[in-house]
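S.K.: Sequence:
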Amino acid sequence: MENAPKSKHLMNACPSCGVIMDVSSCDPYSKVICPECSTAIRVRADFLHFRIEKKIGEGGLSRVFRAIDQTLNRLVALKILNPDFSKDAGRAAEFEKEAKITASISHPNVVKVFSAGSDQDHYFMAMELVGGSSLDEMIHLEGKLSEKKVLDIGSELVQGMNAAHAEDLIHRDIKPGNILFSEDGISKIVDFGLARSEISKGSELGEMWATPYYVPPEKLYGVREDFRSDIYSLGATLFHALAGEPPCSSDTPSIEELKLLKQKKVSIEMSAPHVSVSTCELIDRMMAREPQDRYDSYQDLASHFSQARNKLSQSSVLLVNSGSLRIDHISRKEKLIIKRGMMAVGGVVILLVMMFFWNEFKDNFSNGIEVNKGIEGVQIVRSGNQSTTEKFQGAIKMMEMKAFGSAERVFGEIASSGETRQPTSNWALFNQGLSLLLQGELKKSGIVFTRLKDKSYYSDRNEDKKLCVFYKNVSELLCLEKPVRLENRATFGNNSFESLALLAIGVQNWELGAFDEAEGYFLGFSKQRFPQNYAWISGFKELIEPYLKDLGLLRKFPVVNRQSNYKEMHSALQIAEEMLSVTETERVREHMMDRVEILREVSLRLKAEEQEAEELRLSKLRLEELEKMFKMKADVKEYSADYRFTKGLNVIELNKFRHPEFIGVKEDYVKAWEFAESFMKNVIDGINRYGYYGSVKMKDGSVRNLKIVSADRDQFVHIFGAAQGKASVSVGQVTGPSLRAISKSFVKNIKDKKIIEERLQEKVFFSYLIGELAVSATLSVDITDSSFRELWSRILEAERRS
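The working numbering puts the first residue of the sequence shown at 209, with every later residue one more than the last.
Since the hints were derived computationally from the structure, they do not count as laboratory data.
One should not assume that every hint holds.
Derived DSSO-like pairs: lysine-lysine, alpha-carbon spacing no greater than 27 Å straight-line [what the hints assert, rightly or not]: (1) Lys-915 to Lys-959; (2) Lys-855 to Lys-841; (3) Lys-674 to Lys-663; (4) Lys-828 to Lys-855; (5) Lys-828 to Lys-775; (6) Lys-519 to Lys-352; (7) Lys-357 to Lys-519; (8) Lys-845 to Lys-874; (9) Lys-661 to Lys-673; (10) Lys-828 to Lys-815; (11) Lys-652 to Lys-519; (12) Lys-828 to Lys-841; (13) Lys-915 to Lys-879; (14) Lys-874 to Lys-828; (15) Lys-915 to Lys-956; (16) Lys-749 to Lys-605; (17) Lys-690 to Lys-735; (18) Lys-864 to Lys-874; (19) Lys-839 to Lys-855; (20) Lys-952 to Lys-915; (21) Lys-841 to Lys-815; (22) Lys-352 to Lys-605; (23) Lys-959 to Lys-934; (24) Lys-652 to Lys-605.
Using the sequences plus the hints, can you model the full thing?
M.R.: Below, the structure is given as structure tokens:
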């Protein structure tokens, strides 16, 4: 563990004004306000030999930053324990333990820890920076993940978990957020913060740090956890990825509520009916309620993952063999009805339900394709109880329902079957290739179309010649993985089976990024009318709608130029992000994401540049207006000296400021002068109402006993007696303390406490403006009004800074 001295002082300079600040007590990469110029700046970006670039994550216990290890010149993820937990010796020890645990594991599917230590009581660990997203983000973005992708991820994670298990470690918090992906798609487990040795005792139930969705049942009962607990959590995580929702409906931290939830048997088949049988069995066994019913070793689990992946790659659609119903193509709602019916009723009712949905399925194909009567070029060959025609029709329906993966497997089975004759085999190959194109699988589709090209001339008969030429022409264009120019449309006849080539070429162009050419082929396909014996092709017209919709979005993508400012760029970014959120095709989404990322980067750069320019402008403006503020205060000093606050206010109002700081200072200054003027007005009103008799000290040092009977803004009138007449003294020659004494004599006549406090506020600002700051500070202590205290605080702060 690296440990830096705790006594050093860390200093940062403000980039705006250059003032040096002691930031030893600040958190790494925190934002503070410069005490000199009030600029918000980042401090402690240098942390030991790491240079922090930005925050990339934050959890309950720690924050994670992207940083450069300046010693080795490499990017790392710098994880720093949150300040409150750094002060907790127990938490700090757990954090150090996590670093040691993770560092002991060296495996490509576990995030590597490079170093760990502490600096100024901040505990840290430097880890491998994983460039991709997390499984949590992937689920949030895509919803349900494909079965193949989930099995690939799970297979890799099992290897990483096995490596941890080899060190006698269990993770104890496997969840989507703790699964990251490298830029090349490798799955990695992160955050062993809850990990412990299998030989240690079970955790206390006082704190539920594991995530409720994925917590194994045994943890809720205080039973010692082992590697099978991690298997449960991984199963629950993969369940979430397959179904698009977690295995339980509540994220409550209540132990008792969780116990009730975990008692219910959960099966992936009910939440994700599209998942294959082998994968359902795998996930269900991983999530068995009792640990002994789960896999008893990672080797066994890895083997079952391998089997499930192999079965998925080789699987074909289930047929109606030996009385079993093929329901892959039926909607999810229909599947659930069938399955629940099969569990709820006797055998006779089961058969009736199955027959009902089978008849519905056949009716769906009655428009343009007659079951068992064949379609153009497709012969009837039975496999068990289902003909090749029925298989072909089922796969066509899958295409219409956008179940392209299932359709591709059926077409592949038909094409490779020894019982399938021509031209059925070639039609199956064509549609297999089209299914792959619709999934974005260019390389695989190229292989299929190469096979079609090799088999294109399957007959020398004249009646087959047109089909043979079609297969040759279309396969030659689709096996090269190159955009096809629009003039090639003329190769294929209108309103015939040949027009199906327009759809396939359009999709290939789309996947290659040739969107304009793709549109030409899509529009050409949409205008075709197909003969009755090829009516099945008409159902594919709906497949082009997402492409045309996304192309419309792409063409409306906001355009900016080099002269655009931050406001324009940010507005364009918001529009672009909204467009991105409603795209349907992967290729346009990728295309837009690249452009959105550029907009985001340029927007951030422009914002930084404009902020920098604005900070520079304000810095120069502050220097100019600081001098202007000094001059204004000097100009009004003579008016405050002889209490002519109204005239002083007029001078202040003539001064215009543009810097936010001095705009605020002026506004506060105006309020202070208004309070002082109100003080003088109330003194004059009090004299005219009550009179005043007492000693009055003059500014020349003399003290006079005066009976003041009237007053105005310029003079106090006093009398000597009934026979001696009247005289006056200039208001400006009376001292401030005497004016406060005169004011105080009138307060006894006021009963309203609020008005009494207002008079005290006036006295504070009067004293402040005539230069008696200590007196005003003493008087202010007794005032509780919050708006006054805020104003007074700002005025004192401005006084200090000037």
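S.K.: Below or equal to 27 Å on CA atoms is what counts here, so check Lys-828 against Lys-815.
M.R.: 20 Å, holds
S.K.: Measure nothing beyond the straight line between the CA atoms of Lys-855 and Lys-841; if it is 27 Å or shorter, mark the hint as holding.
M.R.: Given pair Lys-855, Lys-841 holds - Cα atoms ~13 Å apart, limit 27 Å.
S.K.: Take the C-alpha atoms of Lys-828 and Lys-841, compute the straight-line distance between them, and say whether it is at most 27 Å.
M.R.: 20 Å, holds
S.K.: Verify the proposed pairing of Lys-841 with Lys-815, using a straight-line Cα cut of 27 Å.
M.R.: Violated - the C-alpha atoms of Lys-815 and Lys-841 are around 36 Å apart, more than 27 Å.
S.K.: Is the Cα-Cα distance between Lys-839 and Lys-855 27 Å or less?
M.R.: 16 Å, holds
S.K.: Take a quick look at whether Lys-952 and Lys-915 sit within 27 Å of each other, Cα to Cα.
M.R.: Holds, because 16 Å separates the two Cα atoms, which is no more than 27 Å.
S.K.: Within a Cα-Cα threshold of 27 Å, do Lys-828 and Lys-775 meet the stated pairing?
M.R.: 24 Å, holds
S.K.: Does Lys-864 pair with Lys-874 here, judged by a C-alpha cut-off of 27 Å?
M.R.: Since the Cα atoms of Lys-864 and Lys-874 sit roughly 9 Å apart, the hinted pair holds (cutoff 27 Å).
S.K.: For the pair we were handed, Lys-959 and Lys-934, check the Cα-Cα distance against 27 Å.
M.R.: 33 Å, violated
S.K.: Verify the proposed pairing of Lys-661 with Lys-673, using a straight-line Cα cut of 27 Å.
M.R.: Distance ~14 Å between Lys-661 and Lys-673 Cα, so the pair holds.
S.K.: For a C-alpha distance cap of 27 Å, please report whether Lys-519 and Lys-352 respect it.
M.R.: Roughly 20 Å separates the two Cα atoms, so the pair holds.
S.K.: Holds or violated: Lys-357 and Lys-519, Cα atoms, limit 27 Å.
M.R.: Measuring from Cα to Cα gives roughly 14 Å; hence the hint holds.
Hint compliance for this structure: hints 4, 13, 21, 23 are broken, all remaining hints hold.
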